[in-house]
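A.B. asks: Spelled out from the first residue to the last, the chains are:
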Amino acid sequence: MPSDSSRLIAALARDRINLDLKTLDLCFLAGLYLRADRAALASFEEDVLIDMFEQICDVVDPGAERPRKRATHAIQRLRDQRMLARVDGAGIVRSGEYTLTRLAAAVVEYFLADEALTRESLTLLTGTLRAQLAEILAAARRADTEDSWRERVVAPLRVTVGDLVGGIERRQRGLDSQQEEVQAEIANLLQADWFGAVARCQSLLDTTTDTLRELNEVLLRDTHHFVALLQEIQALASDAEQAESDEAVQRVIEHVDRIAAWGGARQRAWSDYYQYVHRYLRDVVRLDPDRALSQRLRDQVASWPSARFHLLVAAAPSIRLLRPLESRVERPPVARPRTDREAPPDLVDPENAGLAIENLVAQALAAGAESLAEVTERVLPKFPPHQHYVMTGRVADVLARVTRMRSTYERSWRPVEPNLELEDWDLPRAGDAR
Amino acid sequence: MGSAESGGCAVTASGFQSLEEVIADQHFPEVDLALRRGRHVGRDDGTAYDYLVDALDRLEPFYRRFGCELVQRADGYFYLLPSGDRLGRRQLSAGEMLVGQTLALMYLDPATLQHGGMVRREVLLHRLSGLLGTETLVRTLNPRQRKFDERVAAERVRSKVAEALRRLADLGFIDVVDEEMLRLRPALMRFAEPVRDLSEPQAALERLVKSGEIVLGDGDEEDARQDANGTEDEDEEEMGV
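Heads up: the sequence lines are chains A and B, in that order.
Sequential numbering from 1 applies to the first sequence in this note's numbering.
Sequential numbering from 1001 applies to the second sequence in this note's numbering.
Isolated chain B (complex conformation) (with noise of 0.2 Å):
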């Protein structure tokens, strides 16, 4: 899935005449790094996204030796897509989805447009726990814990919200302007890929998994991948557990 998958993209000659002068640009070594870090490179990043918009011919192919896609989103934003196992991959956590999605819902709103796409984190929290539900927002977030205290659980969904907020913001999906606000961009348009057309959800699901952009499943890897880290597991024994 390239740029010529990517339908209505605008089709532009590259600026550059070998691989080499893409390479040699001063843009290369931060742009190269930024993706393969997972960042999705959108216009809002300036020259970076330019120098993409440049290079895509020369880089898509440079990028295939990896065995990966360098996409191209016609909202007006870059990613890596790695298909094989020579570029690390991983699947974004519960929390990483659950905001990401509801975050993609409140781009699409036109409240949001009238504060030129900034939210804050508050009004997230909000929106978050009217479309699933306190309890299932906490059940899903915290999948290994039994008895939930509501305070406590109140506060570690927070605190999952607050990662995942920081590692979309790494991903380039937002970008945090302070403690309160956040800047939705236009990547956030890739959680809502799945019902993006009128085809079927499974349907369209099952496309995505063909094209390596999605996996199934409880992702639980990543979340215990995640809890590992130790951001989280220090108030174990209050949730009484």
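Bound-form chain A, shown alone (with noise of 0.2 Å):
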């Protein structure tokens, strides 16, 4: 999972969100949902939402008690929850003004809407794709700065084409889910009435393939040009050096290729799914028309412990294939070369930097040095560049052996090689020295 997915999950396990809804608060919502779409309200006050509320409650759970206790109890609920939000902004002063959420009109969309995918719908909303991706191509053309390209490409990119794509995106998922049902359907159809039900699935099965093919020909023919387009876009923002417009390009073009691609799989899956269906209606269904042989097969499994028969399946064995001969050749025995473990030790020169740093330390203090990042600095040369850092802490431990420091509470941080920095001491004046 990429680092900024994991860090938003992160943020939302932190943030402990959590979604609780009854159904009364969902057929509240969507209660709230349709009167806000047919008298094009934009808020409710806070009476028409109580009033709502009874409404919902009559049918919902008629013989409630209380309602108006409940309703407060249900608008403070689903604020809590980012539902509903108060819009007038007038505290205490007088009744609330509220208006629901993009969260909750998704979620009664969710329930309500009726978004799968038709052929209607596909060829309007390929069409009015194809007029925009058109029109961005032209402002494309004419863009010469950087605001025009941000302003007439990106923008309508990201929002237009964006919201378009999404669009038949969602009714794609509408459709899957569509198919699903269909296949409940059939499902049912025949557990209830199973050689009358043929004539009902066969139906079901032919207008979901014609559905199904007929959107896979439109996706084809209009993602190819959706694609065509998009990639001269992209071609003028490449000339242009126009990174941000590229990118937003490319999001699109691998949206719409995730769009073809989803025509193709149903398509396929839903195949699959027909050939085995007919298979069933033919060779079970019409050849069973009473369903009997469900009912002596079950009878036959209960019975089996009691008369026992078995299938016989032919059981030829592997092909030997035969080692190739060969005369009787002695092995040695398994040994290991025998060698000398006992490696003489590695001489190497002795160390001696502790007697020398308390040597470089006096010389250094005796030239003048005033801190620890002085001694430091004229000490640290004298040896190789990788003891420097190990170094660094012999000459603080010998400087605080030889004389007595003074550091103030917050002490400062002092460069004494361009990769090395330490925590400053300061020594005595002349004649504190121990």
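The set of hints was computed from the structure by calculation and includes no laboratory data.
Errors might be hidden in some of the hints.
[What the hints assert, rightly or not] Partial selection, computed: residues in chain B whose CB lies under 7 Å from chain A:
#1 R1090
#2 L1113
#3 P1143
#4 S1211
Ideal placement from N, C-alpha and C gives every residue a C-beta, glycine not left out.
Hints given; two lone chains; assemble the complex.
C.D. replies: Okay, structure coming up:
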């Protein structure tokens, strides 16, 4: 998972995001959504909310007591879950005005809206998308400044085109769930009416197959046009060195590819399902119109332990491959060559840096160094670079032993080398030394 | 019982002019080995199935010389049925038979249709114990055990069922999609053969015995052979035997 996604998910978990909506809450939200839609309301006064809640209560839970009190709780609950937002800003001065949030609208739309992809909706969406892309292409040809690219290319790509492509995808998901419903319906029809349901099942299969084929044809044709237009815009953005536009176009191309892939994948999957059901209708349902076979087979399984029979199958062993004949050879015993594992120790120069450091520190002090940093700066060049870090600590150690340090509460950091800093100590003035 | 007797299967003119062409075809080695190992080659096997449909007229007499029949079923699958001793044969074990029959029942169930012929192992186990009862199931799958610890018995049933599924997959009755899901294939209808027509089950069994499709009896030999292969004997002591 990309780190951005992980961070976002961690933030959601940290904020303990959750939704807890009862049926009554959902119905209340749906009532508000429909009311806003019909009366073109942008917001609701508090009385309208309470009135709506009471109406919903009458339908959902007719015997409920104290509906006004329940309405107050429901409104608070929905505000806590960011489903309702107060928009008047008047605080306690007067009763509030509320609106449904984007989250509430999305939840209600999911349950209410019938947004499956149809040939009509897809053709309309792809037509609008094509016109929009042509407009953006024209704007890209005229664009000559950074701002004009951003305003006339990037923004429409992200907002208008993004929304249109998102709309197609949303409807594709709608069609997916519709297909699942068709599959469940076919199973239920057969369960309920067996042979009598064959014609209806066949018709359901054919309708969905036709829909998918038509959609796939439209998608194949139009996505090809989209990608051609988008590639032209991308080429212009690339020539004009507009990285932001280039990236925005690339994102839309990927989105369009995903939409096109959906069509092919769904058609293939449906084709498999279609063949399976078709075979089932032909081989199982039509050949057993009274559905007696299942019952007879069930009886057979139940009585099998007391009246056993076994199917026979071919079981030819694998062909034996003989190893090539070879005369017996004397194999030498497994052994390991003897080696002298007592290696002589390496000779290295004795390390007398400790002694050297004490002398070098004394020399630095004698030369007038007034702080740890100054002493360190004078001592370090006498050692190879890879020892500088260690030597810095040893200098501090020696200095602490031979003199008394003075230090402020917040010790300042001072560089002694390009890649090395230390917290500095001041040294006592002359005559203070131990 | 060849294609002529299978009734209802499509009559297709052979696409091959001679047996030599059939054997020279690229599909022959794989299909031949699969059939000899007891595999049921069905429509789901794609070109291998098409090859058999095309080559049926040439292959039937070819396999008859080995003492076996190449059978084509109207449900859309082929298999080799040895009738003599020239080609090895085996009978399915009790586990394979119980699991196979239950899967055939599930194949007929419209609920399976909703998922395009896919079923979960868990559903199979529920169905098995629902049809037979847990105790009968345990005793049928472990005929030599006298005492049962509930936990060990359940574990053993699961292991026997898993083993049966693996073998049924090798034989082309099902496809193992993943650890959870199984895809049912039309060859499962072989398990429903004794009750497929409206004749008396006993008469149907006798007819199938006569044609060499099934054998009657306990099938202890096959179970013993499987146990001897050392798949499930490790917990004998734990079972308290």
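A.B. asks: None of the hints should be skipped; say for each whether it holds.
C.D. replies: Here is how each hint holds up against the structure:
| no. | hint | verdict |
| --- | --- | --- |
| 1 | R1090 | holds, 4 Å |
| 2 | L1113 | holds, 5 Å |
| 3 | P1143 | violated, 10 Å |
| 4 | S1211 | violated, 10 Å |
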